[in-house]
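Trainee: Quick note, the sequences are listed as chains A and B, same order. At the far end of the first sequence sits residue 113, using the numbering used here, and the numbering has no gaps. At the far end of the second sequence sits residue 1114, using the numbering used here, and the numbering has no gaps.
If you are wondering where the hints come from, they were derived from the structure by calculation, not from laboratory data. One or more of the hints may lead you astray.
[Said to hold, decoys possible] Using C-beta positions, here's what the derived DEER-type ranges look like: (1) B:K1071 x A:P113: 46 to 52 Å; (2) B:S1066 x A:Y51: 30 to 36 Å; (3) B:G1028 x A:L75: 30 to 36 Å; (4) B:G1096 x A:D27: 22 to 28 Å; (5) B:Y1010 x A:G9: 23 to 29 Å; (6) A:S52 x B:T1112: 40 to 46 Å; (7) B:A1020 x A:Y71: 36 to 42 Å; (8) A:N53 x B:S1007: 39 to 45 Å; (9) B:S1058 x A:L75: 31 to 37 Å; (10) A:N22 x B:I1038: 18 to 24 Å.
No residue lacks a Cβ here, since even glycine has one placed at the ideal position from N, Cα and C.
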Amino acid sequence: QKEVEQNSGPLSVPEGAIASLNCTYSDRVSQSFFWYRQYSGKSPELIMSIYSNGDKEDGRFTAQLNKASQYVSLLIRDSQPSDSATYLCAVNRGGTSYGKLTFGQGTILTVHP
Amino acid sequence: EAGVAQSPRYKIIEKRQSVAFWCNPISGHATLYWYQQILGQGPKLLIQFQNNGVVDDSQLPKDRFSAERLKGVDSTLKIQPAKLEDSAVYLCASRGQGSSYEQYFGPGTRLTVT
Chain A
1 QKEVEQNSGP LSVPEGAIAS LNCTYSDRVS QSFFWYRQYS GKSPELIMSI
51 YSNGDKEDGR FTAQLNKASQ YVSLLIRDSQ PSDSATYLCA VNRGGTSYGK
101 LTFGQGTILT VHP
Chain B
1001 EAGVAQSPRY KIIEKRQSVA FWCNPISGHA TLYWYQQILG QGPKLLIQFQ
1051 NNGVVDDSQL PKDRFSAERL KGVDSTLKIQ PAKLEDSAVY LCASRGQGSS
1101 YEQYFGPGTR LTVT
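Work out the full structure: start from the sequences and follow the hints.
Mentor: Right, here's the structure in full:
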């Protein structure tokens, strides 16, 4: 079982729709969760971080965390073509890991006009 | 605030040659990470520094890869000798002090080994 799993996609949604990206993790002691956006040929860019169960909203982005189910998701409302990118889920187990992140393989999102 | 700087941006070498990558983290960031990202995959941690000390190099192929951060600021990652499977993007990231584990990435170096 991979430590962090994402559907590789591609996920295709029409402009204006809600895009839903999912991620599961295997280490139950994981404490911090991140979503990065990576445009083709560019480096990952941090867009959301979440540390406690529930929802966290930032503009059109909402991160959802359920530690009991070991599940974290990212919702993008009013999707725009500029949101087309690969979205990477990353997990930190805390403690003495010094912030080490384990990444999923990424989900390719395409928003079509 | 300046971001993470990396150089070179692109490098093409032949197998068995050596190559070095340089990274300068965000000012004041004590923790520095080197990742390898193969096309179609997520970044994989190679080595992690806290100031000038290594805290995790469990996934670094030590027979050919080496890294240093002598003064606790900038860092160099070296591959010698390179193999075809080393073709990837090498990403440097840094993190500040405190309980937040947010990491910020540099632009990366795209390595092609022929």
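Trainee: All the hints need checking, so say for each whether the structure fits it.
Mentor: Comparing the hints with the structure gives:
1. At about 50 Å, the CB distance of B:K1071 to A:P113 agrees with the hint of 46 to 52 Å.
2. Taking 30 to 36 Å as the suggested C-beta distance range, the pair B:S1066 and A:Y51 conforms, at roughly 35 Å.
3. Remark: the range hint 30 to 36 Å for B:G1028 to A:L75 is upheld by a beta-carbon distance near 33 Å.
4. Remark: the range hint 22 to 28 Å for B:G1096 to A:D27 is upheld by a beta-carbon distance near 24 Å.
5. Roughly 27 Å separates the CB atoms of B:Y1010 and A:G9, a value that falls within the hinted 23 to 29 Å.
6. In this structure the hint that A:S52 and B:T1112 lie 40 to 46 Å apart at CB holds, the actual value being about 43 Å.
7. The hinted range of 36 to 42 Å is satisfied by B:A1020 and A:Y71, whose Cβ atoms lie roughly 41 Å apart.
8. Judged by the Cβ atoms, the range 39 to 45 Å given for A:N53 and B:S1007 holds: they are separated by roughly 42 Å.
9. A hinted range of 31 to 37 Å holds for the C-beta pair B:S1058 and A:L75, which are about 34 Å apart.
10. Taken as a hint, the range 18 to 24 Å holds for the pair A:N22 and B:I1038, whose Cβ atoms sit roughly 23 Å apart.
Checked against the numbered hints above, the structure violates none of them.
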